[in-house]
Each structure stands twice: as structure tokens, then as C-alpha cells.
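Enquirer: Sequence:
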Amino acid sequence: MVKETDMHRELAPMSWYLVPVGLTGMLFMSGFFGARTKINKINCEGLKPPYIVFSNHASMIDFPNLLKAVFPRRLCWVCSIEEFNRGEWLMRHAGCVPKRKYTSDVSLLKRIKKATNEKKRIVAIHPEARFSLCGVPDTIGESLGKFAKFCNVPIVVFNQKGNFLRSPQWAKKPERKEIPQVADFIQVITKEDLVNLSVEEIQKKIEDAFVYDDFKYQADNNIKLTFKNRAKNIHKVLYKCPCCMDEENMDSYEKYIECKSCGAKWEMDEYSRLHLISEGYTWDATLAHVPNWYRWEQEKVKEEIENGTYQFEDEVRVEHLVNAHKKFVEVGTVHMHQGLDGIKLSGQLLDGSEFIFDKPPLSTTAIHIEFNYMKRGDAIEISDLERTYFVYPINHKNVLTKIHFATELIYKKNKKL
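Using my numbering, the letters of the sequence shown correspond one by one to residues 1 to 417.
Hint data in this document are derived by calculation from the structure and do not stem from the laboratory. A quick note: this is a predicted structure, and the numbers were derived from the prediction, not measured. Every residue gets a Cβ at the ideal spot worked out from N, C-alpha and C, and that includes glycine. Hints may contain errors.
[Unchecked claim] Taking lysine-lysine and the BS3-like style, the derived pairs with C-alpha atoms no more than 30 angstroms apart in a straight line are:
| # | residue 1 | residue 2 |
| --- | --- | --- |
| 1 | 232 | 204 |
| 2 | 232 | 110 |
| 3 | 344 | 113 |
| 4 | 101 | 232 |
| 5 | 41 | 232 |
| 6 | 114 | 99 |
| 7 | 228 | 344 |
[Unchecked claim] Quick list of simulated restraints, FRET-style, between CB atoms:
| # | residue 1 | residue 2 | range |
| --- | --- | --- | --- |
| 8 | 270 | 354 | 38 to 44 angstroms |
| 9 | 44 | 10 | 26 to 32 angstroms |
| 10 | 351 | 384 | 18 to 24 angstroms |
| 11 | 356 | 9 | 27 to 33 angstroms |
| 12 | 300 | 8 | 37 to 43 angstroms |
| 13 | 6 | 270 | 45 to 51 angstroms |
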């Protein structure tokens, strides 16, 4: 039997012999030869290890930015398990420990506490557990305050701006090198706060420090995007037409986004504002700010969940992420259902075995999605503590963002029951 990835090793920082590699990456991505990211240290007088860093997450530049922020110290990283496909030896010696997304891994929490309390290390965590989809935060975890109390070390929030604009998830190989990068490295919870503040107060301070909007950052700083394809693939997140409400016929190219169902068309200007250019159509012009359109879609999904009409059904191709050596193995095509009762995969696999994989509503606060993952299609990552699957919808188009909204909202609805 092929072994799954070992998920239980202790956290250790980057090996000393890889430090020159890390420094080179930092110089060429966020340093002198790259984006020259400006790091603002806030409330950090006297800060020294151990501490935990909660970082927002939007592009690959996040990693060298954080290396720059803590230099010359080394980090332990909590990373998504699929990142270990880059090479398990490299990832482990770079200071990374794997985690399956949106699972409650008590073992990892204990190992983080040991790394900070006993080994006096710095641990970096991305509480969104995925790249930002629209340059604004989504779910960041409702138990960060409790986790901070458990670990009993200072908490730093690393709030980066410009990192999403540089490489939005709908355009992973962008022409956006000119966008300035700024990051606030903020000690939001001190040792004294851990004693004097409640879990709820700590949670609120972390959430308040985690607010960002890359499109507002662009407007406030008059950052122009002059290249031709600035709107290409943005329909991956702006999937619902505000004019006719159709959800599977949006398209985007160059600086345009349009609905193939009703014909409405928008142009994205150099400051990423969207302008309806089709005559005879009306819409809510506040949606010209991209995150407003995104949040409007979220509200529409919430309406479906509240009135009990939301559901998603499709046949999906399933790939099992076995380990860093075997990587992904296609296991078959099954049926996927998502409704108010959560997510269920069921069917017969290629080897003839019956397959059932359930994710009840309260088992996951959110879900990880990837647009055209590794050029194999739009993927949904579904995990438990032992297995990780990437599933690819076959018949429905451009459904990932809605599934992402629905997962978070169904969790919240069930949490209130």
C-alpha cells in the first residue's frame, strides 16, 4: 500500500544551507532586484521570538515578502499539502510542514505550541488557507483568538497590499510587475494582551488588522494598469451578470467582461473600475468596484441558502493526492452534490470500488478552489484528516466561486442552529 504524506513531523525552520537560496529568492522577488517591497514595522519594539505570524495570502510574492520582514531570523511555515508536490525534501528543509486544508488538526496545534514555547521559533500561518480570490479577505478562522491563548505567544499580522493586484488568481502569469508592494508587519497581540484580553477581544484585534482591499489600495495610490489583458479571466470570480442574473455565460478578455447570455458588456479602466458600455442596459453602478460585485454575488448565494433553494449537482473527475512522490492519481468520475446538508461525493471508481466521501456542513468552514489548476481544469479541493482529493466539475461551467461562497455560508447557517 502506498503511504500518504507524513503529517506529524515536528516544525523546524529553514535549514541553514538553504538560507542563501531563500535570500536570493527574496532579492529577486521582493528585494532590490524585484518589487522592492516596503515593510512597515508597527508596534514591534522589543519583539523577538517566539511569536506567530498570521499573513494574508494572494500570490507567490507573499513568501519572499515575509522572509524579508523577519530577516535575519528563520521561519517555520504551515503549508498546504499540495505544495509538497514541488519536492518533499525541499519543502521540509525550507521550514514547511504540511496541512490538509480546512481540517481540524489538533496534532498540528500541539506541534505549533511546542515549536513556539519550547523551541522559541517563529511560525508563519496563512489563516485564509488559500490565495485571496478578489483582493479582499474571506474566512480567516473563527478560533484565532482561542489559538493565540493556547499558544501563549505574541501574534503578528502581516498585511500585504499590492500582492493580489500583481498576480490575481484569475491571471496567475500576469503582466503586472509595475505594482508597488507594501506590507504592514504589526504586533497586534503582546504577551500582556494574552493575559489581559478575552478570547473574543483577541479575535477582534486580529480580524481588524486583517482588513485589506487591493482595489481600494490601487485607487488610493493612483496605480495604473496599462497593459492589454488587465481584465482577462476576471469572469472566474465575477460569474453572475448584474443585468440578466445568468451565472454560467460570463466571459472576459483584454479589458472587457461581458455576458454571452444578454449581451451586456463592461470595460475595465486603468484603475480597475468597471464601466457598462452597452446601451439599453441598467445596473447598480456601485458594482464598478470589483470587490462590491464579488460581495453582491455572495449576497445572492446567501438568499438561496436562506430560502432553501441552493444546490449544486454535477459529475466530477476525482484525483487523489497520494504523496509528494506519486502526486495526483486519477481514481474515477463520480457524482458531486452540494446542498444545505454539505458536500457528498459518491459513485464507482475506475477500479470498480464504491466511493463515498462526505463533508457535513460543520466539518469545514470554507473550501479551497483553484482556477485551471496545473492546466488540468477548475478544481475543488476536498479533504479530511487522512485524504485529499481534487475534483473537477465536468458539465457545469465557471461554478467554483459560487461553491466557495456556498460552503462558507452553509457552515455559518448550520453553526447558528
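Enquirer: Each hint should be assessed against the structure and marked as holding or not.
Expert: Okay, the hints, checked on the actual structure:
no. : hint                           : in the structure
1   : 232 to 204                     : 36 angstroms, violated
2   : 232 to 110                     : 43 angstroms, violated
3   : 344 to 113                     : 34 angstroms, violated
4   : 101 to 232                     : 28 angstroms, holds
5   : 41 to 232                      : 35 angstroms, violated
6   : 114 to 99                      : 17 angstroms, holds
7   : 228 to 344                     : 41 angstroms, violated
8   : 270 to 354: 38 to 44 angstroms : 54 angstroms, violated
9   : 44 to 10: 26 to 32 angstroms   : 27 angstroms, holds
10  : 351 to 384: 18 to 24 angstroms : 20 angstroms, holds
11  : 356 to 9: 27 to 33 angstroms   : 30 angstroms, holds
12  : 300 to 8: 37 to 43 angstroms   : 42 angstroms, holds
13  : 6 to 270: 45 to 51 angstroms   : 49 angstroms, holds
In terms of the numbered hints stated before, the structure departs from hints 1, 2, 3, 5, 7 and 8, listed from lowest to highest.
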